[in-house]
Structures are given as C-alpha cells and as structure tokens.
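Q: Below, each chain spelled out in residue letters.
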Amino acid sequence: MKQLYYDVKKCLGCKSCEVACAVAHSLSDELFKAIKEEKLSLPRKKVFFSKAKNYPVSCRHCKDPKCVDACMAAALTYDKEKGMVLHDEARCVGCWMCVMVCPYGAVRPNLKTKMPLRCDKCKDKKEPSCVKACPTGAVIWQEEVK
Amino acid sequence: MKQFIIIGNSAAGIACVEAIRQRDKESKITIISDEDYPSYCRCLISYYLAQDVKEDKLLYRPASFYKENNIEVILNKKVARVDPKKNRIVCEDKTALNYDSLLIATGSSPKFPDISGIKKNGVYGFRTIKEIKEIEGLIPLTRAACILGGGLIGLKAAYALKKRNIDVKVVIKSPQVLSQMLDFEAAGLVRKRLEENGIDIILGNDVSEIIGEGDIRAIKLDSGKAFESSLVIVGKGVSPNISLVKDTEIKFNEGIITGELLKTNIANIYAAGDVCESYDITTGKHSVNALWPIAVEQGKAAGANMAGDSVKYDGSLGINSIEFFGLAVVSLGIYKVKEADKEFEELKISNEKEARYKKLILKNNILVGAVLVGDIRPSGVLLRLIRERINISSIKDALLCEDFGYPDMIDLVKGGEKIYV
Amino acid sequence: MSSIEQKSIDPATQEALRKAKEENIKTAWDRLESQEPQCGFGQLGVCCTVCAMGPCRIDPFGEGAQAGVCGADADTIAARNLARKIAVGASAHSDHGRDVAHTLAIIAEGHSHSGKGSHSHDYGILDVEKLKVLAQEYDIDTNKSQEQIVKELSQKLLAEFGRQEGELTFSKRAPKKRREIWKKLDIVPRGIDREVVELLHTTHMGVDNDYKNIIKTGMRCALSDGWGGSMIATDVQDVILGSPVPVRSKVNLGVLKENYVNIVVHGHEPILSEMAVKASQDPELVKLAKSKGAQGINLAGICCTANEVLMRHGIPVAGNFLQQELAIITGAVEVMMVDVQCIMPALREIASCFHTKLVTTSPKARFPGVTHIEFTIDKAYEVAKQIIQLGIENFSNRNKGRVNIPKQEMDLVAGFTKEIIFQILGGRYRATYKPLNEAIISGRLRGLAGVVGCNNVKQTHDYFHTALVKELIKRDVLVLQTGCSAIACAKQGLLIPEAAKEYAGKGLQEICEAVGIPPVLHLGSCVDNSRILSAASYIIKEGGLGEDLSDIPAAGCAPEWMSEKAITIGFYFVASGVYTVFGAQPFATLGSKNLTDYLTGGMEKDVAGRFEFCDDPLKMAQLMIAHIDKKRRALNLKPAMYES
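Protein chains in written order, with the numbering used here: chain A, 1 to 146; chain B, 1 to 421; chain C, 1 to 644.
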C-alpha cells in the first residue's frame, strides 16, 4: 500500500501542498473556482514549523487506528484492502473524538462543516494532489516502509 | 474450541469479540445483553433525540455483524449473577450458561439522587435507547423540562430538548457546569455559550422536591424557588453495574477491579468498560473512567488476552470531547488541581473574548492533564504526551503555542514510526 | 501533456513544435509543464515579497494567516503587486518613448550620421507634416526652420519625462469630458517618470494600503504611458521613420527562405530595426551574400519590432511572441538580433543548438555569454551592417540537413494609422472621420473593437485571438489590432480585404468593399495602441457618438495576454473609459475579492470603464457585443443594421 512520506530536507514550508489539497477536495477542483465555493474547502494536511525545519503532517492510516476505536458513531473504519482509514460523512456527528486521540495531531476539526479534516490519500484520484504540487519534490508517494 | 461469554453488547463487548475473532475464528462466542436492541452507539442518543441523526445511524455495527462473525447474540436477558466456581452465569429467568472465558462489560447505570418525587412518572435517566424513545413520546406534551446535573449527559440532554423546542432549565449543585471534566474558567466559557443559545443554567442549586400527582408538574429547588416542569432528566453520574458480582469472590470497589491484562482476580474472568475499575495513568490510582473510547480500548485488550495473547493495558484516563453550539471542548486527564497543591504545575493561556482557553497540568515535567476550549487541534498530541509519560522539559515553551504539533515532540515520542526522511 | 493541436492552432507552429520534439529541444510549452502546478498563492496575488519581514502569504481558504507581518491584508497585497506590474509596463513603453525622443534630439544636433556612410543613411525627418502637427500641439511656431522645430520639439518631448506638474501635452488630445473625469478623480498624468516613481513609492512597505487608492495611482501611471510614453514613441517614430501607409506583406514562419541569408529582428524599438532594413538592402552586403551562395538577404521580424518594420516597409513577419524559439528551430536563421522586451532568455540555449547567432544590441538587455554589439544612434547604420555581415558569414555554417521551414505564409495588409483612417475614409478630397462615425451611427457598423496583446503559452496559441475576432467581425464590429494579436489573426488570413467576404457580417462587408479595407485593421506595435486612443478622440471630435470616449460603441480585449505591458495598456484603456476584457486568465487578484470586484465592477463608477475577466473567446465576443449594443442604446442609436 502506498503512503505519503516527507523529505524534511526539501520542504520549504511553501504550503503549496495545503493549497492543492484544499482544491482537490473542493467541488470544482479548480483553484479560482474553489475559493468562491460556499462550503469553502480546507486542506486535509498541515505543514508545521519546528526547530528551523518544516514538517508536513497528514493522517498515517495506521493499521491499528486510535481514531477508529474512539469514534462513537462508527463513522471511521479501517479498510484492509485499500490500506486506509475511511471516513463516512453520513454517520459522522462532529464529536471530535478522532481529533482528540490522533497521536500525530493529523485530524483537525472543520467547525463550519462539522466534519473532521483528514487525509484520504485523494482516494478518488490517481494519486494525492499534494505530490505533484510540491515544487521541490518533498512529498513522496511510495510503497509503505515497514 | 472454547466458549466465550461476553456480558454486554456495547463498546467494550463489541471491541472484545472483534479482538477475539481476529485471533480465533473457531471458538464459540455468545453475547448476552439486557437491552432489546442490537449494539448501538450510546453516545448518539442525544443526537437522535435532537433529530440530528436518524435511528438507522444509531447501529454500532451493521445488522449482519453477528452472523458474519459467527456470534450468538442473546438480547433482552439480564444476568443476575456470575458463578465463578462453576464457570457459569445465571440469568434472571434462572437459565444458566457455561463459559471457558468470561468478559463482564455490563456498563453502568444512571445514579438517581434521593429526592422526594424521584420515582414519579416522567423522571428519566439518559442512557438507553428505550428511555430516549419514551422521552421522545412525551415531547409533544412537554413544555418545560428540568435537567438535574451539569455533566456531559445533562448538557447533551439539554441541547437535545432545546432543539425540540422545549424550555430547558439545568439545575447544577456545583458552581460550574461540567465539574467532572473542566476547571472553573473553561466551564464559564461553556456556560456562556449555552446561555447565549437559550439554555437556562441554574448553578449552586439542588432540586429538593419533584412535585406532581402522578405526573410531574413542577420542580422545587433547595433555595425555595420553584418552576414549571413536566419532564425530568437525571444526569448525576453513573455507577457501574456490579450487582452480578456482589456475592462472589470477584473483587470490586466502585467497579470491578482489573489488572494490566484487564483480568479480574479470577483467572478466566475479565472486565472492561464502564463497569471496570482500572489503573488511571494520570492519578496513579485505580478508578472507573466511564468513557466510550476507554471502553473500546479495554474491550480490545481484554479480548486479545482472552484469546491467548498477552497485551498489556497501560491504564485508562479521563478523556472527553464535546462541542456546544460551535464551541469545541476537550478535557484530558487531570483537569483541575488545588492552588495549594505544589506537586502540580499549571500552564495557561486564555482569551475570553474569542472563547479560547488552554490549560496544561504538569507533574514533575510530565503532562498529566489538559483542558482545551475553542481550538482543540493539539489535543491528540497532548494526549500522546500524557499517555507516553514524556518528560516535556525541553519543549515546555512550545506547549502553549498555537501551532504546537507532532513535529515539536518527534524526538521525544516512543513510536518509532517512519514519516520523515 | 497536451497534444500539438492543443498547443497551437497555427499549422506552422505545430510543425515547428514537432521538429522541436524530434530534436529534443525544449520550448516554452515544455518549460510550462515543469512549472506546473504553479503556486496558488502567486496565482491569487496573495504572496507578498515586498519586505524582509516576509515573504508573507494570505491563506485563500481563510484558515491560516489573513494578514502579512506588517498587517497588510489580501486587498493591499494584491493591489500592490498589480501596481508594480503597471509601473513596469509603463516603464517599458515610456523608456522606449524616451529613446525615440532622444533620437529626435540627436537628429536635432546633427550627430546621427555614421562615420563613413553617406548622408542618406542618416535618420531624417520623413514625415514633415506630422512634425508640424506635433509642434503645434507643443505650442511651437511652425514658421520656424525645420531644424529649429525639431530642436525645440525634442526638448519639449524630453521635458515630458521629467515634468513634475500640470498635464502631459498629448493627454490634451482626449475629449474635454474625459479630461474632466481625470481631473475629478485626480488622475491627470503629470509627468512620465514622475508617475512611475510615485506609483512605486506607494507600493513600498508601509505606504498605501487602500486598494482603491493604489489602483487610482496605478491608473494615473498607466495614463502617463498611454497618453505619454507610448504616444510619444508612436508619433515621434512616425516623424523620424515616416508614417505607415497601407502595405501588403506576408506573415508566418514560411517567410524564412531556404536560399537566402535569413536575418530576424526581434524586440521592440524600430530605431534599430529600421537600420537593419536599410542594411539588408545595402548593395555591398547583398553582393557579399550572393558570393556566399545565397540568393540574397531575407529580413524578417518577430514581435513588435516586426510590426514596426512591417508597417513602414512591408517587411515580412516570421511570427509572434510564442514563435520566437521556433524561428530558430527551423534551422534557417543566421542571425537573430534583439533589443528589448518579450525576448525569452531561452533563446540563448536554443540558438546554441543551431548555427544561429544571437546578438544583443541594447545595454539594457544582455544575455550572459551572448555576442553583444551595442547599438548607438551615432553608429546606427554601421552597427546594423556589422550584424548583418555576421549573418552573411554564418550562412555557410548552416546545417542544410536540419533545415525545415514550415511552408505556411499568409498575406496581410497593415499600415493603418489614425491619419490613414482619415484619408481612406474621407476619400481623396477631404480627410475626415465622418464616414466612420456615420457608419457606426447608421448601424452598418455595430461598433469598434480593439483586440490586442500577447500570446500566452497557457492557452492554445492564437486560438483566442482568431476565434474572438472572427466572431466580432461576423457581427459587424470593425476590429482594430496591434501587436502579437494582429500577427495571430493575420496568420489566419483575417487581415486581407478578401477576409471581409468570407468572415464579415453584411454591414462590415459593405464598408470594406466600399473603402477597400480588410475587416481587421492592423495599427502597428504595442506602443501603437496609442493610435487607438488618438483615433477614438477623433471619433468624439467628429461628433454624433457622444462626448466622452466611454460613449463610443466600442470595447477592448487582450485575449491571450502575458506581459506587464499588457496590464498597463489595459489600465490606460479602462482609465480612458473603455470596457476591456482580459482573456484566458484573470489578473492575479482573485485572492482579494474586494479588489477583483472593484476592477470588474466598482471602478466603472469612477472612470466609466472597467475590466472583465473571461476565459472563453465566444463568451468574450458576447460580452463585448453586449457592451457595444448597450452604448448604442445609450446614444439613442438604432440597433446594428444587420442584426443577426
């Protein structure tokens, strides 16, 4: 299963990945239209700055996901075939249990839509949009490293 | 081939059977529950009452779950007692079932205070789908309701009833809301948001009498004041359902006492969930932490060990996450300490105007608790610091920063996960 | 990766791109791909690199920072970024104008002959009539001697650049009502260099952070270009080099000739390319070329300098902006001489793949490691000859096996100026705009459109220009063109009188047949957009079409714009009351809703002109026609005669 990894030596903290992520999850999938949408999309990943380096953080799709255990609405499941945590928006009530238990802080609440923001590996696309968007190639999309 | 019996069909019970089935597809598993409903998301019943979710979304697992996992499920049957010597359980209807390994996940029940009128029609706990449906039936006839208690359950019930256009008054003995999860200042922010949205909060008062002939008409407070109400919801805490072990050699305190494998003092009997008393990693003492995610992790560990594995459970802690009218709140571990207590160190940052509050409680430079209001983004990594008992002295200054995150603690955590090259 | 057909609609370009692909030569199209996806913050105009407390960015999704370190919000950041582009565009045009005015001054001093050459190789004054007209505008007594007039005029022209107060002389050409609007809004252009400096000043850290005010200052600077720098360039070039008259020529890569020494001029200033034209006809050099086995010297142009020598001498045009690399890639160019603006740095590497010698001539535009033969007025002809000789001597280095010149070349007619329109439309006896105005009033002509501007590799090359212009002329709109846009349409055969029968609506057809013009008039280079301003002023003066430029049933468009100059041109048209559509992509202002709304709406209240951003050529046409019809109704004119 492919996963997202990050080369901290190359990450410039430009946040192009965040912009691409937000656009990829918008209705129109186009930058100029996405910023006008009523339910404004937000990025599913965030770049943090720590000790003079930049670290993108996104859901790790853990094999033993704490968020799935904590979800009180059974909206989160782990799909073995796809190797990822799936979020069912229809079941979600925005209780933020998943935000509370994620050991990477990779899930953020979207208080406007009452949905958690979490990386879904752009499951409806060929590959995550952040990969191409990174101007330095700091976003790596490759088979899981054990 | 073994016979597993799991008493309880909710968070802990389901987590347990899933853990067993991961390791053992052959043995027989029987779930027995005193509720007449397939496993459901208990925490969602207030959302159901508020009509935020429909009933079909309440199921915790799909209807096919039991069949697909080869689990026998017996509903609507209460277990009267456990017979450890004979390795069997005895139900109220006198039927007995034998087990090789037993999980007690009977949960807890609402505590009803000793008040005059508490036994009248129209007084409800807020625990089961059965109760909620009865309450729902009364809604067309109800103009005003009274909630006893300002805990999570009480406030969620208040929200639900307010959403159904019922006048709601919440009567709280303590001088603040959510006294079991927030400190005074954070509670103030929550109360403000609730009152702005039409929920009447009465602090520092207790109900002395529930008045009415047959049906309820009014509530009287110990201050003497009275007001109209035809529905009372009691949210004064829960007590573990331990009656079934009372006359046995199974050790219990407030809840059934368990060790690091979630075993009771009886080798083949385990306990998990609201009924379970376990080591609390923030207080260092054994206590009951009646919370959904805790129940799941305990059930998971218990099930793994029942199936022959040896999974150590580090311990529980209090963790709560809730949102009221756009205000998100998270409470982790120890949320309040006495000012005089020099053992603990408090770090705090507060912005009342923006309804933002962050408080961290440290003991010997180890995070033992946190309260976050408004911006709850760092909750997950703070919880990790608590659970892994990380010494945070090298990152103390960063803890309260707005974008404190995983990268700040990456050198300190135990995970060993590979994310960055 | 787009297909060749998606890259350009021009078959010559397609063929050259195929050759480039086969030979593994990277062009602008390839480099765009490796740049994509381009930075979202930049595209939205919310990246600020002004000061060292940054660089800052505004989160367009509202979650992150909404202000830079200094407190500037998206409106300020986007407006400042746009203002800087206006200043740069104005600088390019106005500096060109300065060079032309300076040339006139040198002519006045009589220093323009080169060492050994005879006097006839000098720059002279080839349009004495126009000299006198300009002199009158500058209050110079035209009874004086020509030398005196030239001297005084050149001084006064140069003074426009250093002027501090008052109003630029040429801006007085605008109708009274328009000047009143400028006065009311305090955007009367005072001095050419002053407006640029002041605009740049306002974008300095911690100066103007009112986006409307920034745009206001921007408009004033743009006006100092349109009615200042550019207009000086156009009109004084006409005085020195002669005003264009209608001329027939050819356009597209096919104008390069296999058996000739091909010399390509690229850039913007005709002061240089004029000399190249003369030098290419020098008998000594032609003889030299023949001695090397060529049939002669073939001069062709790229971009605006091409338009200049086309307008005045009928020199063929090899291509527009996006074809500059492709001309070299044909393998048949001996020398490409460049001066300033729109010259891709990539040319160096591409030329090095062939025998082609790239030669820079301007001290303002150098390429590292590239032959530089500096062009100066006093050695003008000598330098031009030197460069052409370089080309002739390079002819034998041509790798004949690698030559592939696409066959396409199209006829075109160019050379229309405001004076020509006078003459053509008025007939032999009376130069007047009356027939043009009457054509519009009667509805035979629905209105006018200025379709101008660059190419942009993000759009299908030439498609927007031609699709739009075809639609406009179909609806009886007479189209005035300049720059790369004109070249694009010329390649598709729209700039010949015959195009009227094939593409134009009935009304426009009738006019074209009566007068003998194409339905699309080529007015020249990008500085020659000032011709449109002057022509519009004449239309108002002639009467019957309102009192202000914004009353004319007309609209402007830059369908495939790319450069900062395009932005400045857009601003001086809008500030002069013209509804101007920018195609393909909007300004980098979408990150600021306020600014974008002002540019596409609110500013109309201030200057009776505004922008429109549209990315579909047929929709652009619809918008422009709707605007033109609206103006017709406001003038109480009947709808277009042949309403379709």
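Treat the hints with care, as some may be off.
Okay, derived cross-link-like pairs now, DSS-like style, lysine-lysine, Cα gap no bigger than 25 Å in a straight line [as the list claims (entries may be wrong)]:
hint, chain 1, residue 1, chain 2, residue 2
1, A, 80, B, 57
2, C, 257, C, 290
3, B, 111, B, 28
4, C, 290, A, 126
None of these hints come from the bench; they were simulated from the model.
Q: Could you run down the list of hints and mark each one as holding or not?
A: Each hint, compared with the structure:
1. Restraint check for residue 80 (chain A) and residue 57 (chain B): the C-alpha separation of about 23 Å stays at or below 25 Å, so the hint holds.
2. Straight-line distance between C-alpha atoms of residue 257 (chain C) and residue 290 (chain C) comes to about 14 Å, which keeps the hinted pair within the 25 Å bound.
3. In summary, the hint linking residue 111 (chain B) to residue 28 (chain B) is not supported, as the alpha carbons are separated by about 35 Å, beyond the 25 Å threshold.
4. Pair hint residue 290 (chain C) plus residue 126 (chain A) does not hold up; C-alpha atoms about 60 Å apart against a cutoff of 25 Å.
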